[in-house]
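Asker: Below, each chain spelled out in residue letters.
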Amino acid sequence: MKSIEELKAIKAKMADKVAVRSSTGDTRIVVGMATCGIAAGARPVLNAFVEGVTAAGLVDTVTVTQTGCIGICQYEPVVEVYEKDKEKVTYVKMTADRAKEVIEKHIKGGEVVTEYTIGAAKI
Amino acid sequence: MDELSLYVLDITMNSVRAGATEISITLVEDEEWLTFTVSDNGCGMTEEQVKRLDNPFFTTRTTRKVGLGIPFLKMLAEMTEGYVKVTSVSEKVSEEHGTTTQAKFGKNHIDFIPMGDIVETVKTLIQGSPDVNFTFDHTMPDREVHLSCAELKEILGDEISLAEPEILMWIGEFLNEQYAGAEE
Numbered sequence: 001m002k003s004i005e006e007l008k009a010i011k012a013k014m015a016d017k018v019a020v021r022s023s024t025g026d027t028r029i030v031v032g033m034a035t036c037g038i039a040a041g042a043r044p045v046l047n048a049f050v051e052g053v054t055a056a057g058l059v060d061t062v063t064v065t066q067t068g069c070i071g072i073c074q075y076e077p078v079v080e081v082y083e084k085d086k087e088k089v090t091y092v093k094m095t096a097d098r099a100k101e102v103i104e105k106h107i108k109g110g111e112v113v114t115e116y117t118i119g120a121a122k123i
Numbered sequence: 001m002d003e004l005s006l007y008v009l010d011i012t013m014n015s016v017r018a019g020a021t022e023i024s025i026t027l028v029e030d031e032e033w034l035t036f037t038v039s040d041n042g043c044g045m046t047e048e049q050v051k052r053l054d055n056p057f058f059t060t061r062t063t064r065k066v067g068l069g070i071p072f073l074k075m076l077a078e079m080t081e082g083y084v085k086v087t088s089v090s091e092k093v094s095e096e097h098g099t100t101t102q103a104k105f106g107k108n109h110i111d112f113i114p115m116g117d118i119v120e121t122v123k124t125l126i127q128g129s130p131d132v133n134f135t136f137d138h139t140m141p142d143r144e145v146h147l148s149c150a151e152l153k154e155i156l157g158d159e160i161s162l163a164e165p166e167i168l169m170w171i172g173e174f175l176n177e178q179y180a181g182a183e184e
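So the protein lines, in turn, are chains A and B. No gaps in the numbering here: position 23 of the first sequence is 23 in the numbering used here, and each next residue is one more. No gaps in the numbering here: position 152 of the second sequence is 152 in the numbering used here, and each next residue is one more.
Isolated chain A (complex conformation) (with noise of 0.2 Å):
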């Protein structure tokens, strides 16, 4: 079974990595997390965010956060990336796999997958 002290073994660990970690990464990825986006899925998809971040050693400089409705329920799971001195950029009707998508040609290859944009969708 898992101890509560094997934290403390963690928190070694991390410690010195923690302490060179800015505070706001250059990239944030933010995901609608209302009733509107959790009704269409977007837990799956912050997951595969978070994981997906993790997984390519982007934690320094990506940030994964939640965010409430921000009115276009019907495009819901919607997630927003703000980069540095870049136009946000609106995804929607995310899934888990679209998630693992964006992570690699957007956040890790810079090219926006246009084809899940709110442009690109048919209004």
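Among these hints, one or two may not hold up.
Said to hold, decoys possible - Straight-line C-alpha distance at most 27 Å; calculated DSS-like pairs for lysine-lysine:
| hint | chain 1 | residue 1 | chain 2 | residue 2 |
| --- | --- | --- | --- | --- |
| 1 | A | K108 | A | K88 |
| 2 | B | K153 | B | K104 |
| 3 | A | K8 | B | K153 |
| 4 | A | K86 | A | K100 |
| 5 | B | K153 | A | K2 |
| 6 | A | K11 | B | K153 |
| 7 | B | K153 | A | K13 |
| 8 | A | K2 | A | K13 |
| 9 | B | K74 | B | K104 |
| 10 | A | K84 | A | K100 |
| 11 | A | K122 | A | K88 |
| 12 | B | K85 | B | K107 |
As the list claims (entries may be wrong) - Only some residues are given here: those of chain A computed to face chain B with a beta carbon under 7 Å:
| hint | residue |
| --- | --- |
| 13 | L7 |
| 14 | I10 |
| 15 | M14 |
| 16 | T35 |
| 17 | I38 |
| 18 | A39 |
| 19 | L58 |
| 20 | T61 |
| 21 | Q66 |
| 22 | K93 |
What the hints contain is simulated information worked out from the structure, not anything from laboratory work. Glycine is no exception: its CB is placed at the ideal position from the N, C-alpha and C atoms.
Position chain B against the provided structure of chain A, taking the given hints into account.
Answerer: Chain B only, in chain A's frame:
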């Protein structure tokens, strides 16, 4: 929503948005009933606001004109012969303010839905609000699952956020092991 754990997530988000610093999530199950209770020390609601909760066209938000969280929960609970009860004390009324939402479900009813990934719900809440002290207790006939963010913070101190991936992963494993024990 097709998992009960998503309802727990949705209802607890109300506490987060109410500015709560202490939120307890308690699930109690026997063979017949499942009751979950979310209690917080957030800003609370006035009596008038509590009365209007069942009305989907009532919401405190400004980004849209409908609020479906409580109506969804109430519909599911009542479909399974259960209920939803909300009690609240507004910060305008007392220093001891906060809201308690309790929902009871008949587990053997045909309209009852699976629990789904409750561990993922807890992790999602902590990831989004690492500064909030969540306590999570799930009592089943044969086992209890427990997590207290305040206890974890005592060990980790102020400099390490519970939202750090390593910590979240540990929390997930910690809870999943307790649940796995329950199935033995």
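Asker: So, as I understand it, the hint says M14(A) touches chain B; can you test that by seeing if any CB pair is closer than 7 Å?
Answerer: 6 Å, holds
Asker: Minimum Cβ distance from I10(A) to chain B below 7 Å?
Answerer: Hint holds; I10(A) Cβ to chain B Cβ min 6 Å, cut 7 Å.
Asker: Given the proposed pairing of K85(B) with K107(B), does the C-alpha separation stay at or below 27 Å?
Answerer: Within the cut-off at roughly 18 Å; holds.
Asker: Does the CB of A39(A) sit less than 7 Å away from some CB of chain B?
Answerer: 5 Å, holds
Asker: Check the hint pairing K108(A) with K88(A) against an upper bound of 27 Å on the C-alpha distance.
Answerer: 16 Å, holds
Asker: Holds or violated: the hint that L58(A) contacts chain B, with Cβ atoms closer than 7 Å.
Answerer: 10 Å, violated
Asker: Take a quick look at whether K153(B) and K2(A) sit within 27 Å of each other, Cα to Cα.
Answerer: 17 Å, holds
Asker: Is the straight-line distance between the alpha-carbon of K84(A) and that of K100(A) 27 Å or less?
Answerer: 21 Å, holds
Asker: With a cut-off of 27 Å on the C-alpha distance, tell me whether K11(A) and K153(B) pass.
Answerer: 11 Å, holds
Asker: Can the restraint linking K2(A) and K13(A) be considered satisfied, given a maximum Cα separation of 27 Å?
Answerer: 17 Å, holds
Asker: Checking one constraint from the list: CA of K74(B) to CA of K104(B), max 27 Å. Satisfied?
Answerer: Cα-Cα ~9 Å, so holds.
Asker: Can you verify the interface hint for T35(A): is its Cβ closer than 7 Å to any Cβ in chain B?
Answerer: Holds: closest Cβ of chain B sits about 5 Å from T35(A), inside 7 Å.
Of the hints listed earlier, those the structure fails to meet are numbers 2, 19, 20, 22, in rising order.
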